[in-house]
Amino acid sequence: MRYAWIVAVLATALGAGCATKKGFEVPGQAFGCPIGDQKIASMEDLVKAKVVMEGSRTTVLPTEMRCSRSGDLLRIDANLNNDSKSVKRVSYKFRWIDREGMRAWEEEAWKPLMVYDNSNLMVNTVAPTNKAADFRLILRSME
Amino acid sequence: MNILHYVPRVAVVAAVALAAGCATEKTSYGDAKSVETVTNEFGSTDLQTIAESMARSMQTAPVIVSGNLPILTVQEVRNRTSEYIDTRAITDSIRSELQKGGKVRFAVDQSGLKQQTGEIDRQQSGYYAREQSVERGQMVGAQYRMEGNITSIVKQVRDTKDVYYKFNLQLWNIRNGLLEWSDEKEIRKTTTRG
Numbered sequence: 001m002r003y004a005w006i007v008a009v010l011a012t013a014l015g016a017g018c019a020t021k022k023g024f025e026v027p028g029q030a031f032g033c034p035i036g037d038q039k040i041a042s043m044e045d046l047v048k049a050k051v052v053m054e055g056s057r058t059t060v061l062p063t064e065m066r067c068s069r070s071g072d073l074l075r076i077d078a079n080l081n082n083d084s085k086s087v088k089r090v091s092y093k094f095r096w097i098d099r100e101g102m103r104a105w106e107e108e109a110w111k112p113l114m115v116y117d118n119s120n121l122m123v124n125t126v127a128p129t130n131k132a133a134d135f136r137l138i139l140r141s142m143e
Numbered sequence: 144m145n146i147l148h149y150v151p152r153v154a155v156v157a158a159v160a161l162a163a164g165c166a167t168e169k170t171s172y173g174d175a176k177s178v179e180t181v182t183n184e185f186g187s188t189d190l191q192t193i194a195e196s197m198a199r200s201m202q203t204a205p206v207i208v209s210g211n212l213p214i215l216t217v218q219e220v221r222n223r224t225s226e227y228i229d230t231r232a233i234t235d236s237i238r239s240e241l242q243k244g245g246k247v248r249f250a251v252d253q254s255g256l257k258q259q260t261g262e263i264d265r266q267q268s269g270y271y272a273r274e275q276s277v278e279r280g281q282m283v284g285a286q287y288r289m290e291g292n293i294t295s296i297v298k299q300v301r302d303t304k305d306v307y308y309k310f311n312l313q314l315w316n317i318r319n320g321l322l323e324w325s326d327e328k329e330i331r332k333t334t335t336r337g
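Each protein sequence line maps, in turn, to chains A and B.
Numbering (the numbering used here) for the first sequence: 1 to 143.
Numbering (the numbering used here) for the second sequence: 144 to 337.
Since the hints were made in silico from the structure, they are not lab data.
Ideal Cβ positions, reconstructed from N, Cα and C, are used throughout, including at glycine.
Check the hints yourself; a few may be wrong.
Derived, one-sided and incomplete: chain A residues facing chain B with beta-carbon distance under 10 Å [said to hold, decoys possible]:
| hint | residue |
| --- | --- |
| 1 | G32 |
| 2 | A49 |
| 3 | V51 |
| 4 | D72 |
| 5 | L73 |
| 6 | S91 |
| 7 | R103 |
| 8 | E106 |
| 9 | W110 |
| 10 | Y116 |
| 11 | T125 |
| 12 | P128 |
| 13 | A133 |
| 14 | D134 |
| 15 | R136 |
Lysine to aspartate or glutamate pairs mimicking EDC-like chemistry, simulated, CA-CA at most 16 Å apart [said to hold, decoys possible]:
| hint | chain 1 | residue 1 | chain 2 | residue 2 |
| --- | --- | --- | --- | --- |
| 16 | A | K93 | A | E106 |
| 17 | B | K243 | A | D98 |
| 18 | B | K332 | B | E184 |
| 19 | B | K332 | B | D302 |
| 20 | A | K93 | A | D72 |
| 21 | A | K111 | B | D302 |
| 22 | B | K243 | A | E64 |
| 23 | B | K332 | B | E179 |
| 24 | B | K309 | B | E327 |
| 25 | A | K111 | B | E290 |
| 26 | B | K243 | A | E54 |
| 27 | B | K176 | A | E64 |
| 28 | B | K243 | A | D37 |
| 29 | B | K176 | A | E54 |
| 30 | A | K93 | B | D174 |
| 31 | B | K298 | B | E219 |
| 32 | B | K309 | B | E329 |
| 33 | A | K111 | B | E329 |
| 34 | B | K176 | A | E108 |
| 35 | B | K176 | A | E106 |
| 36 | A | K48 | A | D37 |
| 37 | A | K93 | B | E184 |
| 38 | B | K298 | B | E184 |
| 39 | A | K48 | A | E64 |
| 40 | A | K93 | A | D37 |
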């Protein structure tokens, strides 16, 4: 019983170490992606905050998005899902934003993509410059 | 022969000729970054996609990340496709993107060497103030050279043409001949008629 408090402290420390606050480890980040002071409570919130539809809307939607660092460059993985019964063609580009909220890079070229029916496709990229602190994934339908 | 018999035909021909002559030509500016699908030959979207993909990938290469602004030079990208492709335009775009990214520097390449040495020779000709003229023997050599290939496979049947492009780029260490980085980008385009 004498050592009960030591066991309790160890259990608490272990519990804290193993706490699964997945994606919310660093303040200002969610799933590794920069979020500033936005309230992001889930993957859906993150996708909503980072994805912009321009032009013709597409039913191909990102379902998951994760970010990491490659040196001092932001690296992004975005999973696009086509849950329809037909092949979908979309185009996408990333928009890079610096710490002041200004464009960190010129507008990228639209990149065409074909997503099979009932399929997922991973789109990944690396920021062109270390000035890029945030991003938006822009999507549009090509049909 | 009644001449009135030909009047409708002549009228139709005249109307067509008039319409053709009056056809208005319209020119408008477009988006240089939009997806171009006019034909399935190598186009602006392919060039932009390849350049962006290669430059972004190369920026994450260990020799670029760990190096202190390594110096690169651009060598040839061989066109092994059956069509004319200005491969210099691709390497120029890759170089621009890398240069703007600020992680590398570029030494003058083979194509620019004549102009570079010509300018040094001109400054050393005796017509310029000696203290402001560049000296011979001050140019910096590259540590890495960039070279690549573009190949294609074209398949065509009556109503379908399929083109597959593969662009491969490599970064070679000039000092020891090691391949430090390599990546490739594939593009498939299919055109169907009807």
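> Quick check: which numbered hints come out false for this structure?
Replying inline: Failing hints, ascending: 1, 2, 3, 7, 10, 13, 14, 15, 20, 21, 22, 25, 26, 27, 28, 31, 37, 40.
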